[in-house]
Amino acid sequence: MSATTSAKSSSPKRSQQELRRVAVSMAGWTVCGLALFMVIGPLLDVVWVVASRGISVFSIGLFTTVTNGTGGGLANAIEGTLVLSGGALLIAVPIGVGAGIYLSEYGSNKIGSLIRFLSDVLTGTPSIVLGYFSYIVFVTTLGWQFSTLAGSITLAILIVPYLARISELALRQVPVSMREAAYALGANDPVVVFKVVLPGALSGVITGVLLALAISVGETAPLIYTAGWSNYMWNGQLTHSPIGYLTYVIWSFINQPSDESHALAFAAAFIVMLVVLCINIGVRLVVKRTKFI
Amino acid sequence: MKLKPFRLSVLGLSLLIPAALGAVVLFLAVYSAQAVSFNGLDFISGITWDLGNLYGDPVTVRGVQVPPGANYGILVFIVGTLLSSFIAILIAVPLSVGAAIFLAEAVPAKIRPLLSMLVELVAVVPSVVFGLWGIAVLIPLIAKYIGPGLSAMLGFIPFFAGGNAGGGYGLLATSMVLALMITPIIATTLLDALLQVPKENRESAFALGATHFEVVSKAMMPMVRSTLVGGIVLALGRALGETMAVLMVSGGAINIMPATIFSPVSTIASFIVSQLDSAEQDPTNMAVRSLAEIALVLFIITLAVNAGAKLLSSGVLNVRNNKR
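Chains A and B are the protein sequences, given in the same order.
Plus 941 on top of the position in the first sequence (first one is 1) and you've got my numbering.
Plus 1 on top of the position in the second sequence (first one is 1) and you've got my numbering.
One chain only, chain B, in its complex shape (with noise of 0.2 Å):
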């Protein structure tokens, strides 16, 4: 075979994506090996995060220097980022899956473009303006209006009563806010479905009779159930890793199990950006080191999370090309 530099010149290239994704999960894994070594399984079941006392002498504990009563666990920041993904997916999906039907089937051809086009945009919002707004409107809200009405209708739950507690910050502003930004991930995915089922699909169900809405409802979104699905599972993705936006609604708890709506969380993303400041004051570096445990926690969900959410949309290909 004859030798092609310009072809193995743009192969090298392009090999620098999977190299860099090697790298990143390569240097988190050795650089947190020893805390792996140190927290063990308590690691994602412990609900204490604690330094320690980064001024006294360092400990040898399990065959590693910490600094005196160091603990680490995660599983608060866990339990934060599954319940506000959790919640903000619960919010969405009936909004997006609104939204898409409306667009695809009530709105002239002429202006879907125009209104598609502001659903995009939700998606290129950066993090930190959501946040900001967030902060600015979204809190006041949910302290003055959403908080204590919630409470007023759903009291009698445990888990919605105490509406005005954290002013405003906590689970709850930080699901809204990952509802919004996740929406329009939802509803594009599934505007593109509804518009490609096949007009005979839609035609026939017409001619049984049904209402335009039935149509839609009964005929057309059983066809196109399992890309909203994997619609619903990429923006889970999206929602367990966003940072910014809720490093600053979420209230930023430590060490406390979230009780209610209104109790402020940390999401594992929202808590690596929150502490490493002070972990770099240990100075046996097992704080940092432990970040990057986290750090490695937290990409092993999204992944795990994207794949499922590819091998949904590419089931779905499959089923598609078989009916036709």
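Only chain A is shown next, with the shape it has when bound in the complex (with noise of 0.2 Å):
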């Protein structure tokens, strides 16, 4: 740094050669600046039009009513969107935090590095290919057609892996010599895991599932084909109903050619985005406050 300012200030005369050096260094800085500004801009400008857009038609008929073929309310995708999302974590958290205890715990051997490595190939996955797997497994061989467990299925094949490999980072963060106290006094796997080191892990854990929550409201591509859509509330049926979320207004009524389609998509927009960064934003904070990760 001080060489910086020292050659900026040692001599009034400067070679051409400077010169040049520092208008290019300042051409530079502003051109990365501006890289910044238009890698930020298109976000604020994504929650300024969503938000603006969508808090227009916000009213209390948007949650009591259900969608009918160009407008309605949105009580139905509301409820749709928590029950898929509610499914989908019931499923995947005993399995992704199992996942994480044993490759925290136990898994630094070959099978824990494989089952690490093929959790990553599982979290590269291309969504639309997941639907596709539940779409010809779920709704045509096992004849489930679109329905809210194979929405839910699919949703958790695709969260489990974040899982996994948070919960994972989280244990880890558990001293060892709290591990080694618990087995001194006597205590056995389970009671070390359930009453050691999940507590002290407990934050890190909750941040995971919040975040694979926010994954899988977002989510759309797999769900065309196994949840369906439905314009009525649900009717409780795991298999042979199809049902209703917010991704697919967005996706379906903003194509419809009504005002009033364009506004509900951007109401379901701004619940759908509202939440995803209103976790994301809160993790975040919390996540610094206690140094975790």
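FYI, nobody ran anything at the bench for these hints, they're computed from the structure.
Ideal Cβ placement from N, Cα and C applies to all residues, glycine included.
Accuracy of the hints is not assured; some may be wrong.
What the hints assert, rightly or not - Which chain A residues face chain B? A few, computed with CB under 8 Å, are given here:
(1) Asp-986
(2) Ile-1042
(3) Leu-1063
(4) Ser-1068
(5) Leu-1154
(6) Gly-1169
Please assemble the complex out of the two chains, which come individually in their own frames, going by the hints.
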């Protein structure tokens, strides 16, 4: 740092070459600043456009009436998103946290690294591929048709690798000495994990669950051909009956001609974006405070 | 060895993850087997996707029943996928490199967490919301200004001619939305690497009289180059599999190769979503099986790209450890 300041203040006379270098540097910083602006700018515009056009149609009716072909409310879609994401978490949390426990506590071996690798492969698999898999297996082969269960299982497959990885990271933060102390007192494996390690890493595990929830609320592609779409409230059936969800409204209603449909699409987008951004911002603020990960 | 039921049960739970992955690959492969034998190599070299006459009596071709006239070629979608992702990378790399450099070196440490959080948040916005923004904001912008502007400047190259074709929907819109979605992946990877460059390297460059920007561009960037490449490949993997945003802004082309940057395109992922409805009408089920084959192709492409990213980033770690 001192080198630049002395170069700047040393002599009023600068050689041609030095002037050129300073000019290039100035131009470089300007370009970099512009680049940062062009990355953040669109995000702010997305938030602004969706929020301003979404809020303008907010009313009580939006949350109490169901969609019809072109408009109506979002009650069925909101309920459907809650059911699908809740179902996905019910399936995925035990598996993901269990896998996280194995990987962090006993997974420092070949099996552990193989599971980690394949879990990363699953993370990188496009969600539409998972959706198509569920379509041919659950919807057609098993004959469940478009249904809540098919949608929830698809979302669960999607979020399990994230849960496993974040749980593993969280559990690893717990000092080894605490495990050793518990074992020395005669505790067995489950007691050590459930009474010592898991409580110590609870905030991290909850972080993982929240991030998984955010992912599942925002997903669309794997649901289109597994959950289907329904204009009515959920009838409580797990199979043989389609269910609505918010992201479908965004995708399909924006392509319809009427302004009412567009307004509904923006309202749905605003709710989805609000949930996703709140979870992610909240988690980042908390994570920074507790210095986790 | 003593049997440990608790360890075995959590092992069982964690083995469900590889099992799910295996099931995905296995079922897609088994389900598409008939399509693979029917389509042969024409599948990836043909440009005609024709479901055939779905109401005609199925005919037997190469040992399988298909609707008369059915032909499944996906070269158009492979080209659309690779081309849109490639252009997205071309747009995203300079933006994310600039942003990461600015965040790492020019921004006061106090507001850096805020700004880098904003960059990370770009990555968590759902794809379908980007698609909605694309339709509402980006498409009109391309149709009115960006498209005609590009044509006016670069129109002598055929690839950039005809700036308002398609009303904004097409390859350019797809690539721009994809670029927006993948910049945070490259930028945060690079930012982390830049913040880890040893102080000594920076200080020795300063001591040689380099300006601050020269320190970054000539002393620090070469050190993080391989991390940058790893981040780019990772971002490519994400862009290839992106579905909803692409589906909403791409214009959805079938049976025609993109001729200019304004042509409508389809990617593999967006095509699967847009076609399943019609494929379901096929009484012989061959269309649905061929879509499964497409999904398998997409899986293989992204697997290869992600494995490449993994190899690159593990190689990076070795280099850095050796240097220390």
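Tested hints:
no.	hint	result
1	Asp-986	holds, 7 Å
2	Ile-1042	holds, 5 Å
3	Leu-1063	holds, 5 Å
4	Ser-1068	holds, 7 Å
5	Leu-1154	violated, 12 Å
6	Gly-1169	violated, 11 Å
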